[in-house]
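> Using the sequences provided together with the hints, build the complete structure.
Chains as they are written, first to last, in this note's numbering: chain A, 1 to 170; chain B, 1 to 269.
Since the hints were made in silico from the structure, they are not lab data. There's no promise every hint is true.
[Stated by the list, open to error] Negatives, chain A to chain B, calculated, CB over 12 angstroms:
1) K32
2) E48
3) T98
4) L153
[What the hints assert, rightly or not] Partner residues aside, some chain B positions facing chain A, computed with beta carbon under 8 angstroms:
5) I34
6) S35
7) D38
Even glycine gets a Cβ: it sits at the ideal position worked out from N, Cα and C.
Spelled out, the chains give:
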Amino acid sequence: MRRLVPLVLCLAATLPAAAADLNLTVEIPALKVAEYHRPYVAVWVEREDHSVAANLAVWYDMKKADGEGTKWLKDMRQWWRRSGRDQTMPIDGVSGATRPAGQHQLRFTDGKPPLGTLAPGHYELVVEAAREVGGREAQRIAFDWPAKTPTHLSAKGSDELGQITLDLNP
Amino acid sequence: MKHAFVRAALCAVLLLPLAAQAHKMWMVPSATVISGDDAWVTVDAAVSNDLYYPDHFPAQLDQLVITAPDGTTVKPENAATGKYRSTFDLAVPQKGTYRLALVNQGVFANYEVDGQKKRWRGKADELKTAIPANAKNVQVSEMASRVETFVTQGTPSDGALKPTNKGLELVPVTKPNDLMTGEKATFQLLLDGKPAANIKVIAINGATRYRNAQDEMDTSTDKDGKFSFTWPTAGMYWVNASSEDDKTSVKEAKQRRLGYTATLEVLPQ
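In structure tokens:
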């Protein structure tokens, strides 16, 4: 037992550096509307100059025939301008199908795609949602990377997005 | 007959910007920022008082020149000219920026026959046969005007935006399909390929029917021909510049009238 303590301490000291991560919860609100379509959602990390450091998620209608699903990607207009228009869809490890109303948990690890290795600095996490025959909304959470201590941040959407939480672990 | 009438009226329109600005010529695409590989836009083209409600004359689609991102000229589909507007569809399969232009190069003549005032518009080589030998007080003007708009699928590009070095033309500093409210956009105006200094440029947002004032913004080009606007609201802006000089290529013409118009879409942040 006594021998284990230094070993555990040692692990504790080494592990966090290797496992710095970014945990995200995105809530898609349930909406009482006559015609509901699941929103397109994009999640990305922006540098201070608004350039995109990492695309984390793009949820869109991948099943529509004749590429009709990509026709509406530009409605996420901030994402489209910052990054989307330069991409070829689908984006491996980033894009996926649209998701239903509810809380969606996403976990990203430093050094692994799609987050990759972020240079130390000030960033913004951006979540943008656009819904067919509905509205469009973007929320931003500013953060410093890497986090020195476990950090809990959040933003609250008003229309197309619900609660967004960002937990950073050093 | 109707055609000739329309041409004469259009001609008056094209000459008007120098005087009281009444009619505006424009093209409005259904979208300027496009995603997806099987993308199309549909475009209205007309001359009107209000922006952008066709209420006067249709644009003449024989003047339409569409340049694709790779620099090639492409054809519209389903082109039609109605009472008040022309319309056409355009497939936009290439990634990049397309330039849609109504290019008007010709001559305009005022003259009198037996005391009656007449006017004629056409191509320079038709001038001699078009004006009767007994015409008096013949005044010939050369015209060079462009009415443009831009659409971009994917990443904006410059391949379609090379100037022809004839008349007034716009060279983007800011990409014409990358405009957002609150951001400053800069463009350069060229005259025959050279920076056009000290020319007044105006910008008016669309939907003028639903407000009491034109809310016209104006500025002038600097010594490098550059001008900027910071867009206060989102919308389809009608940007216009006009000028005149005596650098005619038609010997009968003493004066050259120049115009440039672009419809530029500004998106909200």
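> All the hints need checking, so say for each whether the structure fits it.
Hints and how they fare:
1. K32: Consistent with the label, K32(A) stays out of reach of chain B, its closest Cβ about 26 angstroms off (over 12 angstroms).
2. E48: holds, 17 angstroms
3. T98: holds, 16 angstroms
4. L153: holds, 22 angstroms
5. I34: holds, 6 angstroms
6. S35: With a minimum Cβ separation of about 4 angstroms from chain A (threshold 8 angstroms), the hint on S35(B) holds.
7. D38: holds, 5 angstroms
The structure agrees with every numbered hint stated previously.
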